[in-house]
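K.L.:
Each chain is listed here by its residues.
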Amino acid sequence: DAGVTQSPTHLIKTRGQHVTLRCSPISGHKSVSWYQQVLGQGPQFIFQYYEKEERGRGNFPDRFSARQFPNYSSELNVNALLLGDSALYLCASSLLGTGISEQYFGPGTRLTVT
Amino acid sequence: QKEVEQDPGPLSVPEGAIVSLNCTYSNSAFQYFMWYRQYSRKGPELLMYTYSSGNKEDGRFTAQVDKSSKYISLFIRDSQPSDSATYLCAPDNNDMRFGAGTRLTVKP
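Protein chains in written order, with our numbering: chain A, 1 to 114; chain B, 115 to 222.
Since the hints were made in silico from the structure, they are not lab data. A portion of the hints provided could be inaccurate.
Ranges between beta-carbon positions, derived for each pair [stated by the list, open to error]: (1) B:140 / A:38: 18 to 26 Å; (2) B:142 / A:102: 18 to 26 Å; (3) A:27 / B:173: 25 to 33 Å; (4) B:172 / A:17: 39 to 47 Å; (5) B:159 / A:7: 15 to 23 Å; (6) B:172 / A:95: 15 to 23 Å.
Coverage of chain A stretches by chain B, computed from C-beta distances (three or more under 8 Å per stretch; other residues unrestricted) [to be verified]: (7) 28-42; (8) 70-80; (9) 102-108.
Only pairs whose alpha carbons sit at most 30 Å apart, straight line, appear in this in silico DSSO-like list of lysine-lysine [as the list claims (entries may be wrong)]: (10) A:13 / B:156; (11) B:184 / B:170; (12) A:52 / B:221; (13) B:181 / B:170; (14) B:221 / B:170; (15) A:30 / B:156; (16) A:30 / B:170; (17) A:52 / A:13; (18) B:156 / B:221; (19) B:170 / B:156; (20) B:184 / B:156; (21) A:30 / A:52.
Cβ atoms here follow ideal geometry from the backbone N, Cα and C, with glycine treated the same way.
Given only the sequences and the hints, what does the whole structure look like? Please build it.
P.N.:
The structure is reproduced here in structure tokens:
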């Protein structure tokens, strides 16, 4: 079975641009979460979606948005990119949306903003 | 005060050593405590999780939780070069709050 897949693997954008990152969860998983990991730090929670509804939101500005599709794949959108948005963006899927449902992480999308 | 504090290291040990990795947390509402391992250029993978206080053992790994002092530990016995990675602690209360991660290098 395929694990969590993310696309693209690498991306270079300039300040002010918009970016869309994509994630496909493990088959059967209904929850997708997004994290931002800056070099040398742990992942920071951005969003969680379960059954296409937003279940949680971290402390990120409104420039960050996400959605989950009927097939449970997800997109993370970031508008008006800033240099500080340069990071590894991780997607994680889990069977359930709450509690101790184990999260499986994808390899991430490395975004560089110049 | 950050919700999860973790010494970023780096920590370098010889092969076969016992490794102790530690985290503290501030939110007494946290119920589940997890350790993730992240190899370079990979996403984190769940190593172990515990609920409430006490110890949990899985092979060479032991997770320990002390809720009274809000202290979480991961012990690795007979450490191997393949254990070289960043270890992230994550007390959980429905959303994930990761520590900064401790980079571990096990030298042959």
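K.L.:
Hint by hint, note whether the structure agrees.
P.N.:
Quick rundown of the hints versus the structure:
1. One distance hint, 18 to 26 Å for the beta-carbon pair residue 140 (chain B) and residue 38 (chain A), holds here, with the actual separation near 21 Å.
2. The hinted window of 18 to 26 Å between residue 142 (chain B) and residue 102 (chain A) holds, with their beta carbons roughly 24 Å apart.
3. Here the CB-CB span from residue 27 (chain A) to residue 173 (chain B) is close to 28 Å, well matched to the stated 25 to 33 Å.
4. Judged by the Cβ atoms, the range 39 to 47 Å given for residue 172 (chain B) and residue 17 (chain A) holds: they are separated by roughly 45 Å.
5. Taking the beta carbon of each, residue 159 (chain B) and residue 7 (chain A) are about 20 Å apart, inside 15 to 23 Å as hinted.
6. Residue 172 (chain B) and residue 95 (chain A) have their C-beta atoms about 21 Å apart, which keeps the hinted 15 to 23 Å range intact.
7. Requiring three or more residues with a Cβ within less than 8 Å of a Cβ of chain B, the coverage given for the region 28-42 of chain A holds, as 5 such residues are present.
8. Only residues whose beta carbon comes within less than 8 Å of a beta carbon in chain B count, and the region 70-80 of chain A has 0; fewer than three means the coverage is violated.
9. For the region 102-108 of chain A, the assignment as covered by chain B holds, since 7 residues bring a beta-carbon within under 8 Å of that chain's beta-carbons and 3 suffice.
10. For the hint pairing residue 13 (chain A) with residue 156 (chain B), the CA-to-CA distance comes to about 22 Å; that is within 30 Å, so the pair holds.
11. At most 30 Å may separate the alpha-carbon atoms for a hinted pair to count; residue 184 (chain B) and residue 170 (chain B) meet this at roughly 16 Å.
12. A hinted pair counts as satisfied when its Cα atoms are at most 30 Å apart, and residue 52 (chain A) with residue 221 (chain B) does not qualify at roughly 46 Å.
13. Proposed proximity of residue 181 (chain B) and residue 170 (chain B) is supported: the alpha carbons are some 14 Å apart, at most 30 Å.
14. Distance restraint check for residue 221 (chain B) and residue 170 (chain B): the Cα-Cα separation of roughly 26 Å lies within the 30 Å cut-off, and the hinted pair is therefore satisfied.
15. Only pairs whose Cα atoms come within 30 Å are accepted, and residue 30 (chain A) paired with residue 156 (chain B) is accepted, the gap being roughly 22 Å.
16. Among the hinted pairs, residue 30 (chain A) with residue 170 (chain B) is consistent with the structure: their alpha-carbon atoms are about 29 Å apart, no more than 30 Å.
17. Taking the CA atoms of residue 52 (chain A) and residue 13 (chain A), the gap is near 28 Å; set against the 30 Å cutoff, the hint holds.
18. In summary, the hint linking residue 156 (chain B) to residue 221 (chain B) is supported, as the alpha carbons are separated by about 21 Å, within the 30 Å threshold.
19. Pair hint residue 170 (chain B) plus residue 156 (chain B) holds up; C-alpha atoms about 26 Å apart against a cutoff of 30 Å.
20. Taking the CA atoms of residue 184 (chain B) and residue 156 (chain B), the gap is near 29 Å; set against the 30 Å cutoff, the hint holds.
21. Distance hint between residue 30 (chain A) and residue 52 (chain A) is fulfilled; the C-alpha atoms sit about 8 Å from each other, no more than 30 Å.
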